[in-house]
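Given chain A, work out where chain B should sit, using these hints.
There are 2 protein chains.
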Amino acid sequence: MKVKWKYSYLKKDINEIESTLHKVVNSSQPILKNASVQLLESGGKRIRPVFVLLSAKFGQYNLQSIKNVAATLEIIHMASLVHDDVIDEASLRRGKPTINSTYNDRVAMYAGDFLFAKALECMSEIEIPLAHQKLSETILEICLGEIEQIKDKYNFDQNLKCYLRRIKRKTALLISASCEIGAIASGASPAFQKCLKDYGYYLGMSFQIMDDILDFTASEKELGKPSGSDLIQGNITLPVLFAMNDLAFKEKIESVYEGIDPETVKPLINQIRKSTYIKAARKVSEAYLQKSLNSINSLPNSEAKEMLILIAKNIGNRKN
Amino acid sequence: MKVKWKYSYLKKDINEIESTLHKVVNSSQPILKNASVQLLESGGKRIRPVFVLLSAKFGQYNLQSIKNVAATLEIIHMASLVHDDVIDEASLRRGKPTINSTYNDRVAMYAGDFLFAKALECMSEIEIPLAHQKLSETILEICLGEIEQIKDKYNFDQNLKCYLRRIKRKTALLISASCEIGAIASGASPAFQKCLKDYGYYLGMSFQIMDDILDFTASEKELGKPSGSDLIQGNITLPVLFAMNDLAFKEKIESVYEGIDPETVKPLINQIRKSTYIKAARKVSEAYLQKSLNSINSLPNSEAKEMLILIAKNIGNRKN
Numbered sequence: 000m001k002v003k004w005k006y007s008y009l010k011k012d013i014n015e016i017e018s019t020l021h022k023v024v025n026s027s028q029p030i031l032k033n034a035s036v037q038l039l040e041s042g043g044k045r046i047r048p049v050f051v052l053l054s055a056k057f058g059q060y061n062l063q064s065i066k067n068v069a070a071t072l073e074i075i076h077m078a079s080l081v082h083d084d085v086i087d088e089a090s091l092r093r094g095k096p097t098i099n100s101t102y103n104d105r106v107a108m109y110a111g112d113f114l115f116a117k118a119l120e121c122m123s124e125i126e127i128p129l130a131h132q133k134l135s136e137t138i139l140e141i142c143l144g145e146i147e148q149i150k151d152k153y154n155f156d157q158n159l160k161c162y163l164r165r166i167k168r169k170t171a172l173l174i175s176a177s178c179e180i181g182a183i184a185s186g187a188s189p190a191f192q193k194c195l196k197d198y199g200y201y202l203g204m205s206f207q208i209m210d211d212i213l214d215f216t217a218s219e220k221e222l223g224k225p226s227g228s229d230l231i232q233g234n235i236t237l238p239v240l241f242a243m244n245d246l247a248f249k250e251k252i253e254s255v256y257e258g259i260d261p262e263t264v265k266p267l268i269n270q271i272r273k274s275t276y277i278k279a280a281r282k283v284s285e286a287y288l289q290k291s292l293n294s295i296n297s298l299p300n301s302e303a304k305e306m307l308i309l310i311a312k313n314i315g316n317r318k319n
Numbered sequence: 000m001k002v003k004w005k006y007s008y009l010k011k012d013i014n015e016i017e018s019t020l021h022k023v024v025n026s027s028q029p030i031l032k033n034a035s036v037q038l039l040e041s042g043g044k045r046i047r048p049v050f051v052l053l054s055a056k057f058g059q060y061n062l063q064s065i066k067n068v069a070a071t072l073e074i075i076h077m078a079s080l081v082h083d084d085v086i087d088e089a090s091l092r093r094g095k096p097t098i099n100s101t102y103n104d105r106v107a108m109y110a111g112d113f114l115f116a117k118a119l120e121c122m123s124e125i126e127i128p129l130a131h132q133k134l135s136e137t138i139l140e141i142c143l144g145e146i147e148q149i150k151d152k153y154n155f156d157q158n159l160k161c162y163l164r165r166i167k168r169k170t171a172l173l174i175s176a177s178c179e180i181g182a183i184a185s186g187a188s189p190a191f192q193k194c195l196k197d198y199g200y201y202l203g204m205s206f207q208i209m210d211d212i213l214d215f216t217a218s219e220k221e222l223g224k225p226s227g228s229d230l231i232q233g234n235i236t237l238p239v240l241f242a243m244n245d246l247a248f249k250e251k252i253e254s255v256y257e258g259i260d261p262e263t264v265k266p267l268i269n270q271i272r273k274s275t276y277i278k279a280a281r282k283v284s285e286a287y288l289q290k291s292l293n294s295i296n297s298l299p300n301s302e303a304k305e306m307l308i309l310i311a312k313n314i315g316n317r318k319n
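Read top to bottom, the protein sequences are chains A and B. Just so we're aligned: 30 in numbering that gives the first Met the number 0 is position 31 of the first sequence, and the numbers increase by one with no gaps anywhere. Just so we're aligned: 31 in numbering that gives the first Met the number 0 is position 32 of the second sequence, and the numbers increase by one with no gaps anywhere.
Isolated chain A (complex conformation):
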């Protein structure tokens, strides 16, 4: 989700978030320090902090207070990535070695816990109970999603509802929470909070569906990993769900199971890539995108609103 910083809007503030992030994850414990800095410097688009800041613009914007919320949301995202990499046995993340591969699963588990705790410490600066309640609700739902995701792997009988609930918990909830908590923490009106929460939710759904499409259609170079990795790892995404309406295809795909040679899956990946199912999935992503834009229709015109629209449109056109 790359964003062109039109008019360099917010650029200074984003730089401040970056240095806050470095300060927050710092530790006198050398393993944790190295692991966290490695994770921070491997990039990431800091899209959650951006949403926190933009949403805060609809209340009393105060960078010194809102930057803690922005850092919290990004660090929670980082913590969940660290634990997910253990589960997925991933050796690379954004082209850099993961913590589980550099050290081991145990260090990665505790490093994730550490980041999580750092996020809470950072958030404890904010003295608005509603913000804390929304954050803990969100984290809880994400945890539930993580367990469900283990269960859903290689389950070829799941339906659309199951997929949508999974991507909601995997992606949409934290983006939605970034927008909503940004609005709450800056004292934006409840009506604005609701608009921004919905915007984030629909945008997150659109974004993840597009991500799942690109996993088939983008090149290995664009993805930084082999095309069709999701299917190879047993993750049933929207294009696959659509493709399985063709029962002959479903039969073929059911032979894909954990531990199978990825080469065997390649013809199936190619078949999906060229299919109309990609187009159908794209339509779903676009529908969510439109809902996202509609959600903020009633917000007052401002640079922040313009940026939110720009980011949403960017997602529709992205290539990786």
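Don't take every hint at face value.
Since the list gives no way to pick out one identical chain from another, each pair is judged satisfied if it fits inside one copy or across any two copies.
Unchecked claim - Quick list of in silico lysine-lysine cross-link-like pairs, DSS-like style, CA-CA up to 25 Å:
{"#": "1", "residue 1": "K290", "residue 2": "K312"}
{"#": "2", "residue 1": "K32", "residue 2": "K133"}
{"#": "3", "residue 1": "K169", "residue 2": "K150"}
{"#": "4", "residue 1": "K150", "residue 2": "K32"}
{"#": "5", "residue 1": "K160", "residue 2": "K32"}
{"#": "6", "residue 1": "K32", "residue 2": "K167"}
{"#": "7", "residue 1": "K265", "residue 2": "K150"}
{"#": "8", "residue 1": "K312", "residue 2": "K44"}
{"#": "9", "residue 1": "K265", "residue 2": "K220"}
{"#": "10", "residue 1": "K32", "residue 2": "K152"}
{"#": "11", "residue 1": "K220", "residue 2": "K273"}
Calculated from the structure, these hints are not laboratory results.
Frame of chain A; chain B shown alone:
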């Protein structure tokens, strides 16, 4: 840390905490539900909730509000046990199968995350910023301790300071936080908060040292695991630290390394059990206990204070 409920004091309130715990960890997700209930029903002495309640007695005691704090502290303790069992590859906890052994490490990792998130959700009912700050500071220190503990295993060159810092993070901090946050949440005076915090800290230190002694001196039946398990797993505790002042013994003990046949360690365990080092360690535990009692000297006389004293004295005499 079994406590005789003199005059059945607090018994009704503790029952209420028990049902709160069951309500809080409940989940519609079957794996998480089973895992959490299994953990709850495997017992545990609920000593952290007891400290929360007793400390709250020094402010405006309100069970309906304080029960959330009590449940939070116990669930954080449970979450850390689940992750520790993954690290230690433990198959039994309080005589019941651990989550990692019933399911696998992945489920246990996310189950720990889930419990942690549940604890936060429970705590978000409390609208006192200071309570949240103390809690997040505590969790952070505990996480740091967990990483250090991995590093310290089989490190025979560690000193007393290193050991004390480790047991502080492993045990004393969460007990201290239970007392302090119980006092904060009930609006007890800052002076009372400090007394109770210190009491919990010193008591936790004394308790853990006694635990480390009993690991050598108690029978397999009393412990529910082989005597000397700590040393077999490479955990250097106070009796071992003292024993290593004898350089001949140190040399022998350094041959104990990961993966060694536990039978080889048995003579060393027997040697420590019968040594004066046990007595020396017991003296340290007693000194902490005395400090713990001194900390609450200035608290007003009350049933709660009596219970705190009773619990402390109980620790000095416990057999398992």
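> Is it within a copy, between copies, both, or neither that the alpha carbon of K265 lies no farther than 25 Å from that of K150?
Replying inline: Answer is within; shortest intra-copy Cα gap is 24 Å, inter-copy 43 Å.
> Taking 25 Å as the upper bound on the Cα-Cα distance, should K312 and K44 be classified as within, between, both, or neither?
Replying inline: Within. Shortest intra-copy distance 16 Å satisfies the 25 Å Cα cut-off; inter-copy 56 Å does not.
> Given identical chains, is K220 near K273, meaning Cα to Cα at most 25 Å, within a copy, between copies, both, or neither?
Replying inline: within (19 Å within a copy, 66 Å between copies)
> Under a CA distance limit of 25 Å, which applies to K32 and K152: within one copy, between copies, both, or neither?
Replying inline: Answer is between; shortest inter-copy Cα gap is 20 Å, intra-copy 33 Å.
> Is it within, between, both, or neither for K32 and K167, if the alpha carbons may be no more than 25 Å apart?
Replying inline: For K32 and K167, the Cα distance is within 25 Å only across copies (21 Å; inside one copy 31 Å).
> Between K265 and K220, at a C-alpha cutoff of 25 Å, which is it: within one copy, between copies, both, or neither?
Replying inline: within (17 Å within a copy, 57 Å between copies)
> Under a CA distance limit of 25 Å, which applies to K160 and K32: within one copy, between copies, both, or neither?
Replying inline: The answer is between: 22 Å across copies meets 25 Å, while 40 Å in one copy does not.
> Between K290 and K312, at a C-alpha cutoff of 25 Å, which is it: within one copy, between copies, both, or neither?
Replying inline: Within one copy only: 12 Å inside a chain, 64 Å across chains, cut-off 25 Å.
>> Please sort K169 with K150 into within, between, both or neither, judging by C-alpha distance up to 25 Å.
In response: within (14 Å within a copy, 33 Å between copies)
>> At most 25 Å between CA atoms: does that hold for K150 and K32 within a copy, between copies, both, or neither?
In response: Intra 33 Å, inter 14 Å, cutoff 25 Å: inter-copy only.
> Quick one: K32 to K133, C-alpha cut-off 25 Å, is that within a copy, between copies, both, or neither?
Replying inline: between (29 Å within a copy, 22 Å between copies)
Checked against the numbered hints above, the structure violates none of them.
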